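Student: Sequence:
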Amino acid sequence: MLSKGNIWKPKEGESVYGSVISIKDTETKKGKKVIKSKLVTLNTKTGEIKIWLSTVLANQFKEQNIKVGSVIGIKFIEDNGSYLNYSVAKL
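Letter by letter, the sequence shown follows residues 55 to 145 in the working numbering.
Everything labelled a hint here was simulated from the structure, so no lab data went into it. Some clues are possibly wrong.
Quick list of simulated restraints, FRET-style, between CB atoms [what the hints assert, rightly or not]: (1) K86 to V122: 19 to 25 Å; (2) K99 to K65: 17 to 23 Å; (3) E117 to Y71: 15 to 21 Å.
Below, a list of computed lysine-lysine pairs in the DSSO-like style, where the Cα atoms sit at most 27 Å apart [what the hints assert, rightly or not]: (4) K144 to K92; (5) K87 to K99; (6) K63 to K144; (7) K63 to K92; (8) K84 to K144; (9) K87 to K144; (10) K84 to K99; (11) K144 to K78; (12) K90 to K78; (13) K129 to K63; (14) K86 to K65; (15) K65 to K92; (16) K65 to K144; (17) K104 to K87; (18) K121 to K104; (19) K121 to K63; (20) K116 to K90; (21) K78 to K99.
Only a predicted model underlies this, so the values are computations on that prediction, with no experimental measurement involved. Ideal Cβ placement from N, Cα and C applies to all residues, glycine included.
Using the sequences provided together with the hints, build the complete structure.
Tutor: Take a look at the structure:
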């Protein structure tokens, strides 16, 4: 499922596949706190989508050395109430 701006908002069990075309560092202010995160743009067969990297996703990207040009698949496993669980595979 996509929201405004082609941001991927998956439901449990949904997957997305494509080539990483950008990984950008971002900062968002929440009150006085600055939250740093990464925004990935993926080129899929249906067009470009953007994915905010949660801690779980960011760790998997780092562990698998995913970078611009990598072809990947991401599956949203579940929201267990404490964190969002994903599976990432370099294809």
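Student: So, for every hint listed, does it hold in this structure?
Tutor: Going through the hints against the structure:
{"no.": "1", "hint": "K86 to V122: 19 to 25 Å", "verdict": "violated (33 Å)"}
{"no.": "2", "hint": "K99 to K65: 17 to 23 Å", "verdict": "holds (20 Å)"}
{"no.": "3", "hint": "E117 to Y71: 15 to 21 Å", "verdict": "holds (19 Å)"}
{"no.": "4", "hint": "K144 to K92", "verdict": "holds (18 Å)"}
{"no.": "5", "hint": "K87 to K99", "verdict": "violated (37 Å)"}
{"no.": "6", "hint": "K63 to K144", "verdict": "holds (21 Å)"}
{"no.": "7", "hint": "K63 to K92", "verdict": "holds (15 Å)"}
{"no.": "8", "hint": "K84 to K144", "verdict": "violated (33 Å)"}
{"no.": "9", "hint": "K87 to K144", "verdict": "violated (34 Å)"}
{"no.": "10", "hint": "K84 to K99", "verdict": "violated (35 Å)"}
{"no.": "11", "hint": "K144 to K78", "verdict": "holds (19 Å)"}
{"no.": "12", "hint": "K90 to K78", "verdict": "holds (11 Å)"}
{"no.": "13", "hint": "K129 to K63", "verdict": "holds (12 Å)"}
{"no.": "14", "hint": "K86 to K65", "verdict": "violated (31 Å)"}
{"no.": "15", "hint": "K65 to K92", "verdict": "holds (21 Å)"}
{"no.": "16", "hint": "K65 to K144", "verdict": "holds (21 Å)"}
{"no.": "17", "hint": "K104 to K87", "verdict": "holds (24 Å)"}
{"no.": "18", "hint": "K121 to K104", "verdict": "holds (15 Å)"}
{"no.": "19", "hint": "K121 to K63", "verdict": "holds (21 Å)"}
{"no.": "20", "hint": "K116 to K90", "verdict": "holds (16 Å)"}
{"no.": "21", "hint": "K78 to K99", "verdict": "holds (22 Å)"}
Hints 1, 5, 8, 9, 10, 14 from the list above are not met by this structure, while the remaining hints are.
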